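**Q** One letter stands for each residue in the lines below.
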Amino acid sequence: MGFLHRHQNLTPYLLLAPGLLYLGLFFVVPLGFLAYQSLESGSFDVGYAFTWAWGNYWDAIQNYRGHFIRSLEYAAIATLLALLFSYPLAYWIAFRGGRWKNLLLLFIVAPFFVTYLIRTLAWETILADQGLVVRVLRDVGILGHDGRLLATSTAVVAGITYNFFPFMALPVYVSLEQIDERLIEAAQDLYASRWKAFIRVTLPLSLPGVVAGTLLTFIPAAGDFINAQLLGSPKNHMIGNVIQSKFLELTDYPAAAAMSFVLMAAILLMVAVYARAVGTEKLTG
Amino acid sequence: MTAVPIAERMPRESAVSRMWLFVKRHVLTVYAILAFVYLMLPIAVVIAFSFNSPKGRFNYTWDGFTWNNWKNWDGVPGLRSAMVLSIEIALLASLIATALGTLIALALVRYRFRGRGATNLLIFLPLSTPEIVLGASLLTLFLNVTSAITFGFSTILIAHVMFCISFAVVTVKARLIGFDRHLEEAAMDLGANEWVTFRKVTLPLIAPAILAALLLCFAISIDDFVVTYFNAGPRITFPLFVWGAARVGAPPQVNVIGTTIFLVAVVAMVVNVLFQMRRERSAATT
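In order, the protein sequences belong to chains Z and C.
Quick note, the first sequence lines up with residues 1 to 285 if you use my numbering.
Quick note, the second sequence lines up with residues 1 to 286 if you use my numbering.
Some hints here could point you the wrong way.
With a straight-line cut-off of 25 angstroms between C-alpha atoms, the simulated BS3-like cross-links for lysine-lysine are [claimed, not checked]: (1) Z:K101 to C:K24; (2) C:K55 to Z:K196; (3) C:K173 to Z:K101; (4) C:K173 to C:K200; (5) C:K71 to C:K55.
Please keep in mind that the hints were generated in silico from the structure rather than gathered at the bench.
Bear in mind that the values here come from a model prediction, so they are computed numbers and not experimental data.
This is chain Z alone, in the form it adopts within the complex (with noise of 0.2 angstroms):
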């Protein structure tokens, strides 16, 4: 310990030392990898070649542009549901919640304690063609009389905002439960109406909840396949569906590693474009 004393400064590198390379050879190595094996050309059974085969990821985005777009779209509409429904439900655990906060956060964070698969699953039985939603909304008329909600957009969307759910939820909270309740008062004191007050103090203070669990929820949705695989039909895959075959069934890696750069990338402009958007102070708080 004498050591350390002699060289404080050298203390934080020790304690960052072991994560950090851990980091550094698991996370960072591994996206160099990738990155290798993206501009490699050849065959699982000739072997691949490293030729700064730049033609891959002319080939995925033309190739799959559509599965791309969709990605993007399925996760932004959900992004968005995800936000309608979870703001009014934070606002009101955060301001009539009272002592009972933390008990009801657990709720919204309970449910994504069973498995994903599982809860998707689940999803799947609950929106069958036998089950209940669909007979009830044939019954309506708001589906035909063989209308589906399963093999649909539709699963497919409600799906993801369901299981991104408290990515979305649970930093708006955190937002909203650190405002202090007395600056509404003020604006109501000065004749702001309740719901004017809302949108001039509350919502605006709100917004780094907001921002952050829109990019906590969008991206992990752009890359996921299991609802478009259980929920949806082929006509619903996602870019992750691509990916995640070509990896794993069709051994086409270096068309697997470009695509998933491709959607990084696309992942990163929605984020520049939105961050554009909202302000980029309000993203570094």
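Could you slot chain C onto chain Z? The hints should help.
**A** Below, chain C alone, put in the same frame as chain Z:
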């Protein structure tokens, strides 16, 4: 003759309008209740269908109540070994990731040093990378070093520790920020060296944060499908078992395990919340 139906109608109408008034005043509360119903609906289905005795292969329609799935929870070949593997991986991964993550959190909260921004970025990036990319990139790494590593237990463990570290850092960091450093200084002033101070003062104080990180990592690890799917090789964890079973019709035993994991998590969380509430109340009275 007409007086009777009117008299009958009157209170009913006012009951309706009273209900409408109630709904109007409590729109948000009503909404919150509906939202909780929405969140709990699939869970109710999972629990209910763990008591189903399906006629065919598919556990999708209700065919009658039975305890058998719970009594014979491992009556499906492969389920028990998948569960054992999942628990082993989750225990080891949460221990390793929390140890590594706690050290990083300590460094980030306690010290000003060069490379702090880069460290924060490196912690944040895995959290904001789609799982499929995490899984795919690790797979390409392992494929390129197949002579040094075989797919199976070790590759699953490596992957789980990797995606758990950032969660551990974030959890411990959040609790460390309110930490009173004077307590450590006092211990040092009283002649304790750094190791003794850490063991006797720091560790007990941050123990709740470490426990929270352990539990979170355990929960994330035991639930992970995507990254594991890419890197498991021939081994089968519980989520992989569900995936395989779903293609041919998942047996109700899958619901039994799902319900059990859910109940264990909920009990742990409720106990934690109640403890917190009691601590807050006793802190308020003293």
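**Q** State for each hint whether it applies.
**A** Hints and how they fare:
no.: 1; hint: Z:K101 to C:K24; verdict: holds (23 angstroms)
no.: 2; hint: C:K55 to Z:K196; verdict: violated (57 angstroms)
no.: 3; hint: C:K173 to Z:K101; verdict: holds (22 angstroms)
no.: 4; hint: C:K173 to C:K200; verdict: holds (20 angstroms)
no.: 5; hint: C:K71 to C:K55; verdict: holds (18 angstroms)
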